[in-house]
Each structure stands twice: as structure tokens, then as C-alpha cells.
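Novice: One letter stands for each residue in the lines below.
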Amino acid sequence: GANQTPATGNEETPANTTNNEPAGGDNKAADEKSIFLITMDQMDQHWVNVDAGCKKAVQELGNVKYTWLAPDVKDDAKQIECINNAVAGGADAILLAANGPSAVTAALEEAQKAGVKIIYVDSAADFPGEQTLATDNTAAGKTAGEEMRKALEAKGITEGKIGIVNVNAATASVVARETGFRQAFEGTKFQILETQYSEGDAAKSKDIAANYITQGCVGIFGANEGCTVGVGNAIQEAGDDVIGVGFDKSDTILELIKNGYLLCTMAQNPDVMGYEGLKSAVKVLNGETVSPNYVDTGVTVITKDKL
Amino acid sequence: MSEYVVEAKHVCKSFRGIKALDDVYFNLKSGEVMALLGENGAGKSTLVKILSGVYTRDAGEIYYYGKQVGHIDPQVAQELGVAIIHQELNLCPHLTVAENIFLGRELTSSGLLSDKEMNRQTAELLEKMDLDLRPDTIVGDLSVSKQQMVEIAKAISTNARILIMDEPTSALTSKEIDFLFATINKLRNEGCGIIYISHRLEELKHIADRVTIMRDGKYILTSEFSDISMDEIIANMVGREIKEKFPRIELNRGKKIFEVKNLNAGRMVRDINLELYEGEIVGIAGLVGSGRTETTRAIFGADPKESGEIILDGKKVTINNPRDAINAGIVLVPEDRKKDGLCTRLSISENISLPNLDFLCDKLGILSSKKEERLVNKAVEELQIKLADVQADAASLSGGNQQKIVVAKWLARNSRVVMFDEPTRGIDVAVKVEIYNIMNDLKRQGIGVLFVSSELPEILGISDRIIVMCDGRITAELDRNEATQDIILKYATMFENKIQSTKEA
Amino acid sequence: MDLERKNFWKRVITKRGMGQVITVTFGLIILCAVFGVINPIFFSQKNVGNLLRQIAPILIIGIGQSYVLITGNIDLSIGSVVGMSCMLSATLMTKGTNPWTAVFITVVCCLLIGFVNGVLVAKFKLPPFIATLGTMTMARGIAQIVNNNYNTDSIGDAARGFRNFFYYGSTLGLYNAVWIAFVIWFIFNFILGKTRTGRHIYAVGSNIDAAKLSGVNIFSTTTKAYLVSSFCSCIVGLIICATSGMGTMDAGNSYEMYAVAASVIGGVSTLGGRGILLGTVIGASIWGVLQNGLQFAGAPVAIRNIVIGIIVIVSVLLDIVVRNDKLIRRKGLMASAKQKGAENA
Amino acid sequence: MDLERKNFWKRVITKRGMGQVITVTFGLIILCAVFGVINPIFFSQKNVGNLLRQIAPILIIGIGQSYVLITGNIDLSIGSVVGMSCMLSATLMTKGTNPWTAVFITVVCCLLIGFVNGVLVAKFKLPPFIATLGTMTMARGIAQIVNNNYNTDSIGDAARGFRNFFYYGSTLGLYNAVWIAFVIWFIFNFILGKTRTGRHIYAVGSNIDAAKLSGVNIFSTTTKAYLVSSFCSCIVGLIICATSGMGTMDAGNSYEMYAVAASVIGGVSTLGGRGILLGTVIGASIWGVLQNGLQFAGAPVAIRNIVIGIIVIVSVLLDIVVRNDKLIRRKGLMASAKQKGAENA
Ligand SMILES: Nc1ncnc2c1ncn2[C@@H]1O[C@H](COP(=O)(O)OP(=O)(O)OP(=O)(O)O)[C@@H](O)[C@H]1O
Ligand SMILES: Nc1ncnc2c1ncn2[C@@H]1O[C@H](COP(=O)(O)OP(=O)(O)OP(=O)(O)O)[C@@H](O)[C@H]1O
Ligand SMILES: [Mg+2]
Ligand SMILES: [Mg+2]
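Residue numbers (this note's numbering), protein chains in the order written: chain P, 1 to 307; chain F, 1 to 505; chain E, 1 to 345; chain R, 1 to 345.
No wet-lab data here; the hints were simulated from the structure.
Just so it is clear, CB atoms sit at the ideal spot from N, CA and C, and this is done for glycine as well.
Be aware that a few hints might be false.
[As the list claims (entries may be wrong)] Every beta carbon over 10 Å from chain E, so not counted as near; a handful from chain P, in silico: (1) 92; (2) 113; (3) 136; (4) 139; (5) 149; (6) 156; (7) 186; (8) 260; (9) 271; (10) 285; (11) 298; (12) 303.
[As the list claims (entries may be wrong)] Coverage of chain R stretches by chain P, computed from C-beta distances (three or more under 8 Å per stretch; other residues unrestricted): (13) 143–154; (14) 237–244; (15) 289–297.
Could you build all of it, start to finish, from the sequences and the hints given here?
Specialist: Here's what the structure looks like:
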């Protein structure tokens, strides 16, 4: 089937394929490639952007049957089911954002045995794939920490409490961000408080951040979109001189930065992951080799003046 | 035309294809007590529930005060001046007496509940009824008979012109029954029409003006009470003549089977001593709430004991739970078959085999369906239980047959002592006789039979020895030759010094 | 009569779970004292204001759940309705709808879910657990579908008034969210205690058959309780939308369980007929104080879960032990006190 | 008499929910047909094998929940016990414990939770909803605490045998996970249908007072059901650990609801006393087929949720309409063990 003009994200439901035909293998054109994107869930803007990148590449390349699969909630077992489903559904290649490094490896082994090529986007698993296009979360977290430290020091603050609002302790990428963030404060007099978890819920994150402010924190770090929104809202309300640094890019976050409530956010480049990842997948399927093995898609530090 | 305050013609009602009422005729005049009589399942409750709007009829006309009434629901019935005391207790246990009495027709002033006014009116009402109750007592804390009196108060308080009572006396003490009858007579004299349903036919002579008899959902006859004899009433209810209401067999008393010594269990079981011998049925008489049920439950291990010894065939046995009792050979047919006797969602066969799984299963606990089938068929045959299929849910049986199932499950095993707690309550005359025959069979086999009943005629008619209880104590042990209703009642009301007992309580 | 006076206090304590409320109030006081000692910031003016605002949403959904529990049912759809309300209002606002029109539409839609719950439970006699499990899943689906399976963008500056009204503003020194919770509590407490509807709600939960035979309209009473619950969930969804300034699809996740916990800790019986909203206030406060206090005490999440689990169990256990399970046993007695004759079930 | 014979088939259908099983089996067939038409891959050998492996865990927890539901109670702790089992076994293995020793220790710990549930519900008469809500929170806390609030590392190559046994290996052309589910189903179906314990479980659920007076040990029967439930959850936790090769703290989140849905769709009554494990198989299959088929059909999560919500409600509604069941009373789940009996009256 020929590709349609890709719809814009808002009109397209995420699990729909970009062509009209059902995601079946029987009726695909002789050399049409079936490529699946499997993300951690369907909720975040982040995944929508990865998807958008993929779709852009599909449109440019043509002759690709592209499907986005995602579990309803973030759950290792469910992501493994998605991988199995993709393999059963006749995938030639899978672009995978792995929930955690080790959880999906055995399922990937099975997939590889079935001849499926694997490319990682966003986060890799401990299993050799063709290529990984991801944010180095530890490095990005460290950047976030350094931005905060610089801003504090610029205000003449060299000690004090710092809070971390994280999603949970179970997701590898956010844990890595926290690790990186903490690294940035090693050897300083800042005291990093016990991490609080909000499941990425913006309202819960706000409560936690407000409590941190009450405790006298001078800086707060939000580890994903929801956490960052909560941190920004708490700072906006308190009106205190607390430095808020976050992760991800969304309309709400950009607005908070613009109004000066957040210092900056670590914007990843999910569209690049999707776009380049899909291109690499097609290359691999055409028998070409891709290099390098690891592509850091990098983060952009978005501050007020960059808006 | 408007001679009748209530008139029903050609009323029909089916439940899931089963006709509960079939072309029924009924009428009631003001200023009379109409006794509505019939066997279990005759459709009495169904009829009055239709009159009071609980069920909707499938067909038929209903006239109130000569005017035809179409749709009836509880509210419409209330507006028509109908009040009903249902067969089942219908109070909200978490609400207070006053809240219950005014439920559904709360007094309000500008939208707010006037609890003070409701409490005041309730207090007045309770005073009038000579009930020692506070309006703000939580109903769940009251004894069953007090709760029943609250229901009666609730019905009376509506100033209804038509009062329906579905077996109001089954949970009352004799003092309360006296009061109830006085109230009924008073209301009748004030022009109230009263429908009275009861299986206790001996009550009728105190209050009934007319009787209507139903059988199998059909209308049989209506008659002035004075024009019909008790035997005719029974014959019309049952559809045939009952020759012997209390079949008794005479046997010589054998050796002692069972003995209870100094049993104490809570306030309602105090220092109970009793003995059972082969070849006799021992009846326990007493008012409702006298502790008979609790005594049997304590013996059976269903409730914890404080002290006491139980001796079976000369050997002391320890009973801490029903299973101990069953293993020792002591079994109990509980008084409330729906609550304690039957698993209504299990089949008849499963109900009968439930306490007998120990010998229906092998060492690994695996059930032998052959053994089960044999046991169940034997029980069904012996007790002449009318059923089509033992795999049907127990709930599908009529009350009398349900009661037989409850009995059957115990007869399938070789017990030494069988305790029957109110085995005939709410059961019609014909099935009653069958239950008596079962007890007689046991007596013949030399099994000890303990028989609790609130109906003095059957206690007198069936037992060989009568124990009378009052307030948790045994107040008398009578031979059947010396026992009469009056003597039993005397002992059954032998409360301890009133003042002292109030303080104690 | 002497006897009865002696029983006066017992009666007060038994009545609708007042005793449990007193017990847990002591528990709350002790809890606060402990947290205050561990970290004096706990009692700072700032934290107290904040704490109250954190308690507010739990209290509001707790009120809704209490209504439903008192009728002897349960509402599992609360969390999803919160999410639906949050997404719906935010989506409308980002699409340019006037905030107050958006609020109105949202309330109507949420009440619809409550109505469906009422119909399923009271008309079709579905077990409430199943009925609301179904609507829970569906309402979450709706929350996801309204903005095409994405969280919304920022609701923007046009909604500043809305955000202040529901969360950020304060009146007479107390945050608006606290006022909203208070007003809702006041109104629904009044309805429950002083009006016919309230009385009927207790009656239905205490003995549905008796209530029906006394002319209480079971369907409308049950539905009213579910409507209250959906309304409360809706308000919490709006508060969350105001808090974060955007719609998140998984907002309110598992709030129904928090609501059960708040109600039950506060002495509302899951068996119906018993409980007062004062108890729900205490229950919600315990829940909020634990969340807040444990953060200040620096306890890890795991410990928090274990502590909360224990508190839920112990509070109900305590209640059962203190009351010696009386009403529960009596309820059993009631249902069977009089023989039911030969009626087939 | 004649009438009763005429009702013979109706009775067969009513018995323990056999009718519901037949109805939903048709539903399952239709569902499969629809998905097969939408996307022929659905019926490919690969997908069928895969699908069966996806159904397995739902079936296993469904069996546990069915046991508990048949006794008239509920187990909300299932999901947390799955998580606990996953974390516990993985933590032990990463610390170098032999996989089979780890499995043994994990099973023992999970059974302990089941035992606590049994004690709280049957000894202390806590409403099962509350008791297991408490243990649910606590078990999740334990899952978090065992590896210090982190997911574990990979359980490594030493556990290859373990991983193959529980998930990746296959025997006679079927994945091991499917075999495990089948064996568990076979054993517990046998126990429920053919043994004394099984009969007692039905009796307790149907009428707890009558069961007690028939010499059934309520405590041991209830506890056995909870132990079965915890055991099943434990096995699913091990399967998940084998699947992902590591321990994740939030594994099994909200599985208890899936288990309720699978049981209920398959005709197990939430009011106790009714249901067969064959129904649970169908219920779990419907659940699995829906998840799998909707994914292939390209339906977004939102639609999936709405469809599932409708199916849960409709399947129970259908059952009620077909049987016009008066026995279905409200409050079923909420009532404590003691209270249950009275509901029948
Ligand atoms: N709600 C119901 N559902 C199904 N069947 C019913 C229902 N109520 C009554 N029946 C059936 O209708 C018939 C008449 O019952 P009803 O309760 O009116 O009898 P009754 O004369 O009051 O008997 P009893 O003296 O035992 O109270 C019985 O066969 C009974 O099984
Ligand atoms: N489970 C219970 N909880 C509280 N009170 C109870 C309970 N069971 C019985 N009672 C009360 O204890 C008293 C004694 O009841 P019991 O059933 O032993 O008397 P009985 O002589 O057998 O009367 P009946 O003829 O009703 O069976 C009654 O007042 C009753 O209300
Ligand atoms: Mg009747
Ligand atoms: Mg008795």
C-alpha cells in the first residue's frame, strides 16, 4: 500500500499504522518492511515525539509498514508482551525504548532468533542491538545538576538543602538522571535530601515540592515531565528564590521557564531518535551497516533566554 | 359496594413461571379482624405484599374503599392508609427506634429533620404501648421481641385504617402477645380493618372475626370464624384431613445416653443440667428469648462455653466446636434454616452431604461421588422429600422440604443425640406431622432426641419429658403426665426477683 | 431508667461510629505530636497551611466515598472520574473554552458517570464492586480519549482565575482548596445529618429491604450517593487541573483506594449504615499527615506503605475489638430473627 | 413436579454459573472470529502460542482470586504479592542464592501473606476488602524494601534454568508458562470440584453460618483459599521475574483487578458460593484475547479501556438478566465473614 500523507499528531491515534491496511503481514508488498516502535507507555509527549520522528522518516523513505505499540501502563511484563506481539505480528525490525536494561533481554533474544533486527531509541537494554539512539541520562542529569549549581553559586549560595522529585525507583532512565544529578553535587556542601517519588503525577509532585520548599530547600530537581511541572508550580506559588531544574519539554514546562519559575529544562530530542532510528532500521534491513553503535542524541538545555 | 375497605378480585402473581397466586379473591371490612390462613407457600404473604405495594400483581383488580386502584407501591399504599408488619423483621439496625418508626415519612420543618419532635412523638407512643424503651436507643441493640414491638409501634403510629400483620407473634413473649391482642381489639373497635396471618391457629379464638383460607395459591373460602370448626379450617388448608396432629409412640425408657452438667455460657445459659435416655423425646419449653437456642448451641459447640461437662454414653466428651460435637455423635438441627441450616446456593445433594464428607471422602480428602449419590438418595427416600432432582439448588424447594433437607443431612450419619431447635416453626400442619414422625423414628432407634419448641401443644403432644426454661435457667422438669399449658407457662415466667434482675442486667 | 442513663455514653459512642472517630482523633493527635518532635518544621505556619491543602483533595473524595459506603455500596470509579474531570476541563480550556463553561460541562459529564453507577447498582442490581470496576475502566478510557491520548498543553493565562479559585488563591488566610473542601464537607455533612435524603442513605445502607418497605426510594437514594461521589471526584479533578495547569491522563490514579482508606480509618463501615463525615475528616487528616510527616521525617516510600497498611488494618481492628463486633452480629441476628416461612429465595 | 422437570435445563445452567460459562464461551469465540477477520495474523501459529503465554499469568491469578471469591471474600493483595514475589526471588538470586532455594523462600514468604489475610478475615472478622487493602499496601512496601528501594540487577546466567522453567522454555510445543498455568488449573480445579476442601469452600461462600454448624472449620477453609491465592500470585511473580530476568518493584500493579475481572467474566460470583474454574479460564482468555487482539487491531489504550469496561459490566448484567437472579444481593464483597451468612436469609 502507498503511504498516506501523515496526519499531525493530534489527529492520529498513536497505535494506528500509517497506512490504511491492517497491520497484517499477508498482504504487504513484496519488499515492504514492517517496523514496530515499542515505547514504555503511551502517555508522555516524549513518546509522541519519537513517533512523530518515525513517521517523518517513513514518509521520506516509503515502502515501510510502521506500527507503534505500547503497553497501557509502564510495566516490564507488558512491554515484553508487546515485543512478543510485534514478533508474532511479522516485524522485520523493532525500535525499542526499553523499560530497563535487563528486563527485556530474553524476549529480545527470542526476537533476534526470529530474525528481527533491534534498534534502541531512548533507552537501551543489555542486549546487543544494531544501534542505540538515546539520551545519555546520567550525563544529562549531571548537566542539570551543574546548571543548578552554577545558578546557586551565581547567587552566592554554596550550601543548603536540595530536593529531588522522581517518578519512581523502578524506571532505569529516571534513576540514571537522579544519579547524574547527584554526581554534580559531589564534593559540595549542598545536602541532597531523601528522594521523593510521585509516579510522575504533577499534582503529587507539586505537594512534594511544596514540602521541600517548606523544609528550606534552595533547589529542586524534577526528573521527568510531570515532576518538573509540579516543581515549577510549587516554586511559582511560593515565590521564593528556589532554583528549579527539570527534564523534558512540554508546553507547560516552557511556559514555566518563560515566566522565570524554572531555571531550565533538559530537553531531549525524541524526534531525532525516532527519525534517525527508523532510517537506521531500514538501512539494516537493506543489508547495510550502521555506525556508530551508540548515538547520543543529546539534550538541549532550554533556559529563558533560549525561548 | 363500599362495604369492603379492601377487595381483591382475580389476582394472579407468578415468580419465574411458578404461580404463587392464581385467581385469588379477598375482602376486608372495616372494624374486623380477618384471619388469612393457609399452608406454607399458600401465597398469604404474596397476597398481602401485593395489597401493600411490595409486589406488583400480574393480573386482577384491587379496590380500596370501593374505588379501583391501579398501580400500588409502598408509598401509594401508605397514602391509602395501609400499614403492614412483614413476616420478616424489617428495621434498620443502625438507626434509632424513633428514626425507624418515622422512616420514609420523616417529620421536617422547612426541609430539616425535626428529630426532637419525632423523638417526642415516639416516646408518647412507646409510653402508650407500655414499652420500656427510649426513642433514641439503637434498634440493633434490642432483643428480637423488642424489635418486633418496635415494628408494631411503627405500623400503629401511621394511624392506618388497614393494618396487615404477617405472623406478628412468632417472635413475641406471652406478655407482649397479650398486649398485641389488646391493641388489635382496640383498633378494631376504632374501625380499623385488620388482616391477620398466623400458623398458630389457637390464637384465632382470641381475635378473629372472619377467616379466609388459601391453598396452593388459590382462594378456597371465606367464612365467619364462628361458623367454622378448627378441624374444618385445617382440612381446608391442607386439602385433606389430618388424622392425628400429634402422633405419639409409647416406648419404655432405656439407658441413659447423654448428660449435661452445670453448663454455663453467657447470660442466657446458666447452670444447665439435663439428661437424655433411650426411647424418649425431651422437650424444652420456654418463652422466646429464654435461652433455649443458646443452650443447644453451647452444647453443640457453636458458641463458646464457660464451664460444664458433657457426658455421652458414660464418657466425658470435650466439645469446642461443632465438628467435635458431630464427631462425638451429637448433632443440631438449627432453628433458623435459612440462616443456619441451608447453603441455598448449593444443591440439595451438596447440602445433605456437607456434614458427612468425612465418610464420603477417602484418606486424601477426595470425594466419592458414588457414595455421595447413594447417601443422598437414601436420605431423600427415607424422608419422602418431594423433589425432581437432587442437583437442584436448595433454594428451589418449598419451606417444608427445605426443613426436611436440614433434618436429612443429620440423619445420614449415625448420631447418638439429635437436637431439634424449633423444627416446625413456620411450617404447615402436614409437614409438621412428618417431622414428628421423624423424631419418633429416632426415638424408636434408641437415639436421644432433644426438642426445643415455643408451641406448647406440640411440646405437650410429642415429648415424653418436658424441661422448662426461663431467663437462661431451667426452672422445672416435668413428666408429660403432670404437664399442662398452665403449669408450663407458670415455670416459663418464673423470672428471678424482678428488681434484682434489672440491676444485674 | 437508671440503666438507660448509664448507657447514655455508650449510646453516643456507638451511634454511627462516633466511638471510632474519638479513638482515631487521639491517634491523629499522637501522630502530629510525633512528627512535630521529629521535625519542628512540621508545625510551622507554612507547613500547616500546606498540609491542610494537601488534605483537602483526599477529604473531598473521602466524603464522596463515605456517602457511597454508608449506602452499603462502593465506588471504585472515583480515581478515574478525577482523571476524566482533569482531562476534560483542561482539554476544553486549551481549546479556548471559557474556564467556567468548561467547569460546567465537566461537572455534567462526571455526574453522568455517577448516574450510570446508580443505574447499574440500584436498577440492574449489579454488585457495586463490579459495576464501578467497569465504569472505572471506562472513565479512564474517556480521560485518555478526550485529548486523543495525550496529556494537554498548558491551560494558559486565560485560566488564571480558574487556577486561583480552585487552588492557588487564598481567602481569609486559608487556601481556597481548603475552603472548597470545607464548604463541600459542610454541605454534605448537613445533608447527611439533617435531611431526609441523609436519613434515607443511612437506612438503605442499614437494611435495604426495610428501607424499601418503608417507602424509601432505593434507586434515587443510591443514585444520589453515587452522584455525590462523582461530584466530589469531579471537584478534585478540577483542583488537580488547577494545581498543575494542565490535564494529565493518569491523574487520580488509585484515589478510590485512598478514599476508602480515609473513610474507613474515620469509622465509616464498609458494610453500610454507619459512619459520619467528621470521621472522614479525621481519616483524611491521618492520611495527609502521614504523607507529609513521613517526608519531613525522611522515611523512604517502602516504610510509608508498610505504615499505612498497618494503620488501615489496626484502625478497623480496634473498632471491631472496642465495639466487640456488636452491630455486625446484631445485623446477622436481625436478618433472620423471624422465620421466613416457606418462601423460596 | 412437571414444572420442576421442565426446569431441568435451567437448573443445569444455573448450577455454579455453568450458564455464564457457556454464554461467555460464545462471546470468546465471536471475539476471536472478529479479531481474526480484522487481522489474519491473529490466528497465526506464532501469535496463538504467544497469546496463550500471555493468558497464563492472568489465568493463574484468576484461579487464586476465584478461590477467594467463592468463599465470599476478596483478595486485593494479589498484585502486591506478585510484586513481592518478583522482587524477593530476584533479590535472592542476585545475591547469589541458588534459584530453587530462592523460589522456595519466596513461596514461603508469599504464603505468609496469605495466612495473614486468612487470620484477619476469618479470625478477626475484618471486612476482606479492608484486610486485604492493608496487606496489599504492606506487601508492596515489602517489595520495595527488600532491595532497598531499587529494582534488582539482572539475575544473571546462573538463573537460566529458572528462566526457562518459568517462561522461556517450551515443552511439547507449548511454552512452559502455559504448562504451569495448566497444571495449576488442573490441580486446583480438582481440589475445588472433587475434594472435601473444595466442597467446604463453596459451603462457606454460600452460607457461612450453615457451614459452621455443619462442622466446617471456617478459619481453615477461608485461610486455605487465601493461601491458594497467595500461592498463585507467587507463581505469577516468579514468572514475571523469569520473564524479565530481574526484579521490578511495581510488578503486578493492579493485577488483583484483572483477576477479579477474569473471574467475574467467567461467572464466578463476587458474593460467594458460585463459580467454576472453567469459567476463569474463559474469563482470562477473553481478557488476554482483548489485550492482544485490540493491539493488533490498532486500537489505542483508551478504546481498550472502554471496551474492557463494557465487557465486564455486560457479562455480569447478562448473567443477572438470564438467571433473573434474586440471590445476587448487594454488599457481597464488603461483608465480613461473620456477616455473610445473614445475607442469605
Ligand atoms: N420473591 C419471590 N421469588 C420467588 N418465589 C416467591 C417469592 N415470594 C414467594 N414466592 C413463592 O410464592 C409462593 C407463595 O409464597 P408466600 O410467601 O406468599 O407463602 P405464604 O403463604 O406466606 O407461606 P408462609 O406461611 O410459609 O409464609 C411460594 O411457592 C413461594 O416459593
Ligand atoms: N447472636 C446474638 N447476639 C446478640 N443477642 C442475641 C444473639 N442470639 C440471641 N440473642 C438474644 O439472646 C436472647 C436469648 O435468645 P435465644 O435464642 O437463646 O432464646 P430462645 O429461648 O431459643 O428463643 P427462641 O424461641 O427465639 O429461639 C434473646 O433475647 C436474643 O435476642
Ligand atoms: Mg408468609
Ligand atoms: Mg430459639
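Novice: Each of the hints needs a verdict: does it hold here or not?
Specialist: Do the hints match the structure? See the list:
1. 92: Consistent with the label, residue 92 of chain P stays out of reach of chain E, its closest Cβ about 26 Å off (over 10 Å).
2. 113: 33 Å, holds
3. 136: Residue 136 of chain P is indeed farther than 10 Å from all Cβ atoms of chain E, at 25 Å.
4. 139: Residue 139 of chain P clear of chain E: closest Cβ-Cβ about 27 Å, beyond 10 Å.
5. 149: 23 Å, holds
6. 156: About 24 Å separates residue 156 of chain P from the closest Cβ of chain E, which puts it past 10 Å; holds.
7. 186: The claim stands: residue 186 of chain P keeps its Cβ more than 10 Å from every Cβ of chain E (closest is about 20 Å).
8. 260: 14 Å, holds
9. 271: 15 Å, holds
10. 285: Non-interface label on residue 285 of chain P holds, nearest chain E Cβ at 29 Å vs cutoff 10 Å.
11. 298: Holds, because the least Cβ-Cβ distance between residue 298 of chain P and chain E comes to about 24 Å, which exceeds 10 Å.
12. 303: The claim holds: residue 303 of chain P sits with its nearest Cβ about 18 Å from chain E, beyond 10 Å.
13. 143–154: holds (count 6)
14. 237–244: holds (count 3)
15. 289–297: Satisfied; 5 residues make the cut.
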